[in-house]
Amino acid sequence: MPAITTENSPHGREFVILETPDERAKGWSVSSADLGLATAAFFTIRKQTLHGGRQEGVELIEVDQGVLKLTIIPTRGMSLYKVFSGEIELGWSSPVKEIVNPAYVELESRGGLGWLDGFNEFLVRCGVEWCGHPGMDNGRLLTLHGRVANIPATDVRVTIEEAPPHRIRVGGRVSEQTFKFADYELWAEVSTEPGKASFQISDTLTNRSDYEREFQLLYHANFGPPLLEQGARLVAAVKQVAPLDDYAGKSISTWSEYLGPTKNFGEHVFLLVPFTRPEGTTMVMLKNAAGERGVRVDYETKNLPYFSLWKNTDTMKEGYVTGLEPSTSYPYNRSVERKAGRVPKLAAGASKSFEVGYQILFTKAEVDAVEKEIVALQAQRPTTIESSAENMKAV
Amino acid sequence: MPAITTENSPHGREFVILETPDERAKGWSVSSADLGLATAAFFTIRKQTLHGGRQEGVELIEVDQGVLKLTIIPTRGMSLYKVFSGEIELGWSSPVKEIVNPAYVELESRGGLGWLDGFNEFLVRCGVEWCGHPGMDNGRLLTLHGRVANIPATDVRVTIEEAPPHRIRVGGRVSEQTFKFADYELWAEVSTEPGKASFQISDTLTNRSDYEREFQLLYHANFGPPLLEQGARLVAAVKQVAPLDDYAGKSISTWSEYLGPTKNFGEHVFLLVPFTRPEGTTMVMLKNAAGERGVRVDYETKNLPYFSLWKNTDTMKEGYVTGLEPSTSYPYNRSVERKAGRVPKLAAGASKSFEVGYQILFTKAEVDAVEKEIVALQAQRPTTIESSAENMKAV
Amino acid sequence: MPAITTENSPHGREFVILETPDERAKGWSVSSADLGLATAAFFTIRKQTLHGGRQEGVELIEVDQGVLKLTIIPTRGMSLYKVFSGEIELGWSSPVKEIVNPAYVELESRGGLGWLDGFNEFLVRCGVEWCGHPGMDNGRLLTLHGRVANIPATDVRVTIEEAPPHRIRVGGRVSEQTFKFADYELWAEVSTEPGKASFQISDTLTNRSDYEREFQLLYHANFGPPLLEQGARLVAAVKQVAPLDDYAGKSISTWSEYLGPTKNFGEHVFLLVPFTRPEGTTMVMLKNAAGERGVRVDYETKNLPYFSLWKNTDTMKEGYVTGLEPSTSYPYNRSVERKAGRVPKLAAGASKSFEVGYQILFTKAEVDAVEKEIVALQAQRPTTIESSAENMKAV
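Chains as they are written, first to last, in this note's numbering: chain A, 1 to 395; chain B, 396 to 790; chain C, 791 to 1185.
Hint data in this document are derived by calculation from the structure and do not stem from the laboratory.
Just so we're clear, the structure is a prediction, and the values are computed from it rather than from any experiment.
Check before you lean on any hint, since a few could be wrong.
[As the list claims (entries may be wrong)] Below 27 angstroms or equal to it, Euclidean Cα-Cα: the simulated DSSO-like pairs (lysine-lysine) are:
no., chain 1, residue 1, chain 2, residue 2
1, C, Lys1053, C, Lys859
2, B, Lys759, A, Lys317
3, A, Lys97, B, Lys734
4, C, Lys1107, C, Lys1142
5, C, Lys887, A, Lys180
6, A, Lys393, A, Lys345
7, B, Lys575, A, Lys317
8, C, Lys1053, A, Lys180
9, B, Lys767, B, Lys697
10, A, Lys345, A, Lys180
11, B, Lys658, C, Lys887
12, B, Lys464, B, Lys492
13, C, Lys1135, A, Lys180
14, B, Lys492, C, Lys1142
15, B, Lys477, B, Lys734
16, A, Lys250, A, Lys339
17, C, Lys1107, A, Lys345
18, B, Lys658, B, Lys645
19, C, Lys970, B, Lys492
20, C, Lys1107, B, Lys658
21, B, Lys740, A, Lys263
22, C, Lys1162, C, Lys1092
23, B, Lys634, B, Lys734
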C-alpha cells in the first residue's frame, strides 16, 4: 500500500494511485504542464471517485489529451466508459445509467444474466475463464460474458513516457483468481498519444497456474450515434460470415448495413472470419451513412481469430448500439465453443498479448482512405456467406 | 457530482447530499433554526454514514420534526427504518439487527430468499420489476420481493417547502435498470409537516423503456409493539377476504384479530379487497387492545387495489410483527399473479403515482373517530369471506 | 457508533475501533509504550484499511507482540490471515492473492463454490448455520463452508488485560442473521501473551433465536511451508481414521505423512476421531521432516468431537497446503452429516464455547516433548483404520 508513487520507471514517469490510504489520492491529477512536458497537445489526467447509488466508490480515470477524452473505470476491470472527440462519441446510451460498482452486481441473477445490470461501457472485456452466453458447462453455470468486467483492478498505473511524443498509458491488473479453478492475471492497458485521434488496447493475459487452462477473451466495443445511424455500414475484409441464429439468418443479406432505431428489432449477431495480412493483422471500419465519419479498428488476428458483429439497432432508449468484437471465440456458451474447437488454452505460466487499436475518422477523405485499404485487403476474394453457424469451422 | 447543493427550487430549499466527494457531506445537517424558519415545531435533519459489519457505508437520513423522528435509508432504496413518536414506535424488532448494505446481500441465496438477510425495516417497498414469492417465471428465478429495496438511491434530496407550514420532503431516485429487461425509475419520497404526527409516501414510478412492461409494487409496512399486542385489531372496510393458504385458512374467522407473541405460530397471510370511496381512496387502522393507540393508513386504491395482511405473531425475538400491505398484486409469485390478472403494466414512458399516508393515533378519542370513519365506509355492506384465494378475482 | 473508545472494562483497557466515523480510527494504533506497560516484549497493535481491487475497504488488525505477528481480518469474519514468527509462517500461498472484501464475493457462484474466490487465510472459520460441501439440503442450496467467513464483524475490540502478563485480545461479533432462518451471534476472539509463541482462539456461539437450531462449526487452519514439506507428518492420538472418498482411500496407509508439492495430486481428506483426555481435550502436532519445527494444536473435544485432515499437496502455485480442522462435523454436506448424526443443535438462547490453541515449536527438543505427550495420550491403544467413511459413527 504505497502512498501516491512517482517512479521513473523504464517506461517513464509512473503514478500508482489506487492502493493508498492517502487522502490526496482522492482527487489526484497531473497535467503536461505539471510535468513540464512539451507535448503536441496539453493533457490532463485526473482520478475521481463516484458517490451515491450503485456508483458508490467507483473510481474513474479521465484522460484529456487535447483531441480525445477517455474515461477508464478501474473498478470495472479497466473498462472504457466513453471516448469523446469533439462531437463524436465512442460509446452508447444504455438503459443502465449508473457506472455500477461490482459490489452491487450479482452475476448469477436471472440464470446468469447479472452482467446486464452494469452493462453500459464503450469497451468492455469479456472473459477470461469464460465468456459468451450463460449456461451449464461441466456441471456449473457460466454467467454471461464472464467475470473480468466486474473485478476491480489493482496496481493501477498512469505512465507518461519519458521520450516524446510522451505517450500516456493507463494500465491495471485484473486478477481473476479462484482456488482450484482460476489463476489468471490480465494486465489491461489503454494508451494514447497527446493530440492524436487514436488509442490502443495492449493487454497481456497470464495463466499463473501450474496447469494448462482454457481461457476466452472478447473485446466488446460498442458504438451508438453519431457513427451508428440508418445507412451506417461495417466495412471489413471478410472471408466467411454466418448468422448466430435463425433470427439473424433472416437478414444475412444485409449483414453489414445498419437500420435506424427500430422498435422490436431485438438483436442480430453475425459471426465473421476476416481476411488477414501475412503478418497476422486485420482492420475493420464502422462508417456513418454519408461516409464522412467513422472509426477504424486494427487488431492482431493471431490471438483474436474470430469477430462477432452485434447489431442491436433497437430504439434509442433501449440502447441503439452495435458491437464490434474481435475475440478468441464466438459468443456461444463455452460448451458450444469447445465442441467447435474455438476455446484456446494457455500453458502453465504462459502469457498472450492482445492488441486492438481504435482511430476516429473525421472526414470523407479519411474514411475513403481506410475503405481503400480494406478493399485492398479483401483483394477481390469472395466472401462465403453461410446459412448457418454450423459451417463456421475453427480457424 | 455536485458538492452539497442548496437550490431554491420550485419546491423550496433543496439539498442534494449524496453524490458528492465533499467531506462536509458526511456529517451534513440542517435545522429550522439554521434556515431561520418559524415552524410549528423545531426540526433538525441530519445525514450520517454507518460503519462496521454489514452496515459499512450505509447512509441514513434522520428527520426530527418535533413530534416524529423518521429514519430513511437511501442505501436501501429509501426504506424507512423506524418512525418514533414518544413511546410509540412504528417498526419492529427483526432478528436482523444491522442495517445491511446491499453490497452484502445476495438476493439469489436460499433459492431466492436473500432479501430476508436484510429485512428489518418499518416500511420497505417490494418491486418493481416483480415482487412476491420467489420462484420461476418465464424460465428465470424471481427472488423474494424484487430488487428495489436493495438498490441504493441517487439524487437524494431534502427539500423544505418555502411556504408555511414548511413541509419537509426527503426523496431519492431508485433506478432499477437492466439492459434488455428493465428501465424503471422510482422516485421514492416521504414527507412530513413539522409538529404533525403523520407522514406521507408519494412515489412515482416511471417506465423509461420504449416498451410496455409489467411491474409490481407493494408497500410492506411492519408494526410490532406497542401497537401490536394480544387483542390488537385491524380495522378496515373489507369487501372480500381470503386466506393465502390452508394454514392461514384455519384462522380465517379471526383474521382481523391478533394474538400475543406465540411460539411456533409461523405466519398467516390474508388477502383483502377493500371498499373504496368514490374518489378511489380507502383507509385501514391498526389499533391496540385497549383501543387507545393506533396507526391510520390512508391510500389510493386506483393503483394499489389489493391489500395483504401479514400476521407474523411469532415470539418477540423471532420478530413479532404484522405487515399492512397495499399493493398492485398479492404476494404470490408473479407467474401466479399474472394468471389471476393481477400484474399491471406500464406503457412506454408512462408514470404512475402511489400515495400512502400514515398517522399515529395517541388517544381513545382519535382511535374511535377513525373507527367511525371506517364503519361509515363499510356502510353495513357484508364482507365476503372466501375459503380459498382461488375465489379472489382481479379487481 | 461511538468514536474510538477507551474503556477500563473488567477485562482491561478496551478499544472499540470500527464503528466510528472518526477519521483518526483509520490509522489507529497502540503500543505497550503508549500504555506504559512493562510487558515481556514490546507490542504494537495497529489497524489499517486496504484499498484497490477486491481489497477495497477491507479492515486489518495487526498485532506484533515481540515473537508473533498476527493479522486479523474483521471484514472477513475475524479470520486470521497470517501468523509470522521469524522465519516461520503459519499460513499458505493461495492463488487468491487479495484479501477479498465479501462485497465482491458471490457465494452462490459455481453451484455454491463462491467461497473459493476469497479463500487464502491461515485460519478461517466455517459455519455456522451450515458448513461443508455445497449441495441441496431441505430443498435449498447450501454453499461451501457457510457464510461466517464472509460476514464483516462488528463491535471489534482490542483489549489489553490490566494484570500482567497483559494478554492481548482481539475479538469481534459476527452476526449471521436471516429473518425466519438464523439468529446466530459468534463472538470470535484471538488472544496472545506478549513475547509468547502461542495464541488462542476463544469463540462463543449463541443461538439468539427462540427456537432450537442446528449449527456447524469447523476451524480450518491451513499450513504451507516451512512446516509443510515432503516428509512432514501429522502426529495425533487417533482412535479411528477413514478416507473421505475413494480417492483418499488409495493413500490411507500413509494418511499422516506428507508428500512434497505434487502436480495433479488434487486433495486427500481423512476423517479422524481423536483420543481425548478425561477432561475432554486433545492435541495434534504438525512437524516438519527433520522434526525440528512444528505447530502444536490443543483443543477441547467436547464441542469439537471430529477432526478432518485436508492434504492438498498440490504444487506451490496452486496452493501447497494442509488443513488441520477440529470441528462439529465432517465436511460432507449438512444433509449427509445430519443422517450420520453429526449435526449438533443449540437450544434457544444457548451458547457454546470453542477453544483452540496454537503454539509454534522452534526446536527438536520442543517437537520431541510434544510428540512424547501425544504418544502418552495414545497410550498404545490401536488406531482403527476404516476403509470407508461409512464406518465412522457419531461420537
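Checked hints:
| no. | hint | verdict |
| --- | --- | --- |
| 1 | C:Lys1053 / C:Lys859 | violated, 32 angstroms |
| 2 | B:Lys759 / A:Lys317 | violated, 54 angstroms |
| 3 | A:Lys97 / B:Lys734 | violated, 33 angstroms |
| 4 | C:Lys1107 / C:Lys1142 | violated, 38 angstroms |
| 5 | C:Lys887 / A:Lys180 | holds, 13 angstroms |
| 6 | A:Lys393 / A:Lys345 | holds, 18 angstroms |
| 7 | B:Lys575 / A:Lys317 | holds, 11 angstroms |
| 8 | C:Lys1053 / A:Lys180 | holds, 13 angstroms |
| 9 | B:Lys767 / B:Lys697 | holds, 23 angstroms |
| 10 | A:Lys345 / A:Lys180 | holds, 17 angstroms |
| 11 | B:Lys658 / C:Lys887 | violated, 47 angstroms |
| 12 | B:Lys464 / B:Lys492 | holds, 19 angstroms |
| 13 | C:Lys1135 / A:Lys180 | violated, 32 angstroms |
| 14 | B:Lys492 / C:Lys1142 | holds, 21 angstroms |
| 15 | B:Lys477 / B:Lys734 | violated, 36 angstroms |
| 16 | A:Lys250 / A:Lys339 | holds, 25 angstroms |
| 17 | C:Lys1107 / A:Lys345 | holds, 18 angstroms |
| 18 | B:Lys658 / B:Lys645 | holds, 17 angstroms |
| 19 | C:Lys970 / B:Lys492 | holds, 13 angstroms |
| 20 | C:Lys1107 / B:Lys658 | violated, 53 angstroms |
| 21 | B:Lys740 / A:Lys263 | holds, 18 angstroms |
| 22 | C:Lys1162 / C:Lys1092 | holds, 23 angstroms |
| 23 | B:Lys634 / B:Lys734 | holds, 22 angstroms |
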